[in-house]
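S.K.: With the hints as a guide, bring the two chains together.
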Amino acid sequence: DAKTTQPNSMESNEEEPVHLPCNHSTISGTDYIHWYRQLPSQGPEYVIHGLTSNVNNRMASLAIAEDRKSSTLILHRATLRDAAVYYCTAPNQGGKLIFGQGTELSVKP
Amino acid sequence: SAVISQKPSRDICQRGTSLTIQCQVDSQVTMMFWYRQQPGQSLTLIATANQGSEATYESGFVIDKFPISRPNLTFSTLTVSNMSPEDSSIYLCSVGGGWGMNTEAFFGQGTRLTVV
Numbered sequence: 001d002a003k004t005t006q007p008n009s010m011e012s013n014e015e016e017p018v019h020l021p022c023n024h025s026t027i028s029g030t031d032y033i034h035w036y037r038q039l040p041s042q043g044p045e046y047v048i049h050g051l052t053s054n055v056n057n058r059m060a061s062l063a064i065a066e067d068r069k070s071s072t073l074i075l076h077r078a079t080l081r082d083a084a085v086y087y088c089t090a091p092n093q094g095g096k097l098i099f100g101q102g103t104e105l106s107v108k109p
Numbered sequence: 110s111a112v113i114s115q116k117p118s119r120d121i122c123q124r125g126t127s128l129t130i131q132c133q134v135d136s137q138v139t140m141m142f143w144y145r146q147q148p149g150q151s152l153t154l155i156a157t158a159n160q161g162s163e164a165t166y167e168s169g170f171v172i173d174k175f176p177i178s179r180p181n182l183t184f185s186t187l188t189v190s191n192m193s194p195e196d197s198s199i200y201l202c203s204v205g206g207g208w209g210m211n212t213e214a215f216f217g218q219g220t221r222l223t224v225v
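Residue numbers (my numbering), protein chains in the order written: chain S, 1 to 109; chain U, 110 to 225.
Each hint should be verified, as a subset may be incorrect.
With beta-carbon atoms standing in for the labels, derived distance ranges [stated by the list, open to error]:
#	chain 1	residue 1	chain 2	residue 2	range
1	S	H19	U	R124	40 to 48 Å
2	S	T30	U	T139	16 to 24 Å
3	U	N211	S	S9	39 to 47 Å
4	S	G29	U	F184	31 to 39 Å
5	S	N8	U	G125	34 to 42 Å
6	U	S190	S	S9	31 to 39 Å
7	U	Q131	S	T30	46 to 54 Å
Partner residues are not named here, just some residues of chain U that face chain S (Cβ under 7 Å, in silico) [as the list claims (entries may be wrong)]:
#	residue
8	M140
9	Q147
10	P148
11	L152
12	E195
13	S197
14	L201
15	A214
16	F216
17	G217
Cross-link-like lysine to any residue pairs, in silico, SDA-like; alpha carbons within 25 Å at most [to be verified]:
#	chain 1	residue 1	chain 2	residue 2
18	S	K96	U	Y166
19	S	K96	U	Q218
20	S	K3	S	T52
Since the hints were made in silico from the structure, they are not lab data.
In this text, all values refer to a predicted model and were calculated from it rather than measured experimentally.
Even glycine gets a Cβ: it sits at the ideal position worked out from N, Cα and C.
So that you can see chain U by itself, here it is in the shape it has in the complex (with noise of 0.2 Å):
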């Protein structure tokens, strides 16, 4: 299993600034993932976060606005960055089961974003 730690677990921000997420696994793990929650709705994959290379983006989502870091197997940053209140939502990190998946993945609690 894997145990995740998101911080902060939520924020109030200014429309402009830019937040950093970060994200800690208590063990070393390849791949990490960021979502996307908006108000209501389901989650949309943002980026793989690849340690040792650039995040892989899907479609919708560009460097500019959501850098990401992974400096080592077990952390990663995400920062939403010139924030307007459509960025508002809860952001999640995850940890997959493993190429194959045949194990299962892992969620953190999430950030609570609301941007005014």
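This is chain S alone, in the form it adopts within the complex (with noise of 0.2 Å):
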């Protein structure tokens, strides 16, 4: 299973775009990479997920480097709302999903 590295913290202030980097460098080549956010007392929900290409959905962007060892999630315009603890997961072929420390992002109003 490939260990994701992401800062603790991050701040932004609403209405702007946050970039959130996670650092997967032992990814295999078929792992995709996944994104979730837990908001306060809620499960974990999905954000997005990719394999090579960046991908794109309602909720948020996702950036891909070339040699795969890293990511970066985007969120266009961040929301009160957007407010949550952000993890990067590789998981391995059988499906598990195993979580770092993810990002503690906070939104100034």
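M.R.: The structure is reproduced here in structure tokens:
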């Protein structure tokens, strides 16, 4: 299972873009990169995932480095509701998600 | 998608007793996962619950302490046995996105356990 490294915390202003980095240098060539977030007192929820190409969905964008050793989750316009702990993970082929410490994002009005 | 229901949502238990947490999924899934989240910490995988075979435990977790049942493809239970205050945590079940993880995983809302 690939080990992931993320900054412990980040701050953003409301309505501004946020770039959340993740290092997963030991990822294998066939492991997808997943991002989840956990709002206070809730279970984690899926944000986005990708393999090699950059991905977009209604919540965020995922930029994956060409060597796949790192990725960046992009929230295009942070809102107060985006304040959460964000986890990147590279589940193995068996589907196990191993979580690192994640990045606690705070959003200032 | 998958909707996961966990029961109970919270409980306060006496040390030395056991608590069984139920996890119900609204669709059939091959693998279910149980996690523990200690206060202020990230999620730690306890075990993978496989239907028709024994659960597979991660390092540091043993069957005697966390017995798991998986009677069918939509249901699993996790028991926290002989509880101590150190077992106070949130316990979550999850279903994976399938082999290769090209789809998302889903989580229950968790069971908040306090041992006194």
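S.K.: Determine for every hint whether it applies to the structure shown.
M.R.: Hint by hint, here is what the structure shows:
A hinted range of 40 to 48 Å for the beta carbons of S/H19 and U/R124 is consistent with their spacing of about 45 Å. At roughly 19 Å, the beta-carbon separation of S/T30 and U/T139 lies within the given 16 to 24 Å, and the hint holds. Between U/N211 and S/S9 the Cβ separation comes to about 31 Å, which falls outside the hinted range of 39 to 47 Å. Distance hint check: the CB atoms of S/G29 and U/F184 are about 35 Å apart, consistent with the given range 31 to 39 Å.
Between S/N8 and U/G125 the beta carbon distance is about 36 Å. The supplied range of 34 to 42 Å therefore holds. Between U/S190 and S/S9 the Cβ separation comes to about 36 Å, which falls inside the hinted range of 31 to 39 Å. In this structure the hint that U/Q131 and S/T30 lie 46 to 54 Å apart at CB is violated, the actual value being about 34 Å. For U/M140, the suggested interface contact is upheld, since its CB lies about 6 Å from the closest CB of chain S, less than 7 Å.
Interface restraint check for U/Q147: the shortest CB-CB distance to chain S comes to about 12 Å, outside 7 Å, so the restraint is violated. A distance limit of 7 Å between C-beta atoms decides the matter here; for U/P148 the minimum to chain S is near 12 Å, and the interface restraint is violated. Hint status for U/L152 relative to chain S: holds, with the closest Cβ pair at about 4 Å, below 7 Å. With 7 Å as the threshold, the beta carbon of U/E195 stays out of range of chain S, its nearest partner Cβ sitting at about 20 Å, so the hint is violated.
With 7 Å as the threshold, the beta carbon of U/S197 stays out of range of chain S, its nearest partner Cβ sitting at about 15 Å, so the hint is violated. This hint holds: U/L201 has a C-beta 5 Å from the nearest C-beta of chain S, less than the 7 Å allowed. Contact between U/A214 and chain S, as hinted, is supported at the beta carbon level, the nearest pair being about 6 Å apart and thus within 7 Å. At about 4 Å, the closest approach between the beta carbon of U/F216 and any beta carbon in chain S falls short of 7 Å, and the interface hint on this residue holds.
Given the 7 Å rule on beta carbons, the hint for U/G217 holds: about 6 Å separates it from the nearest Cβ of chain S. In summary, the hint linking S/K96 to U/Y166 is supported, as the alpha carbons are separated by about 12 Å, within the 25 Å threshold. For the suggested pair S/K96 and U/Q218, the alpha carbons sit about 18 Å apart, so the restraint of at most 25 Å is met. The straight-line distance between the Cα atoms of S/K3 and S/T52 is roughly 18 Å, inside the 25 Å bound, and the hint therefore holds.
Of the numbered hints given earlier, the model fails hints 3, 7, 9, 10, 12, 13; all others are met.
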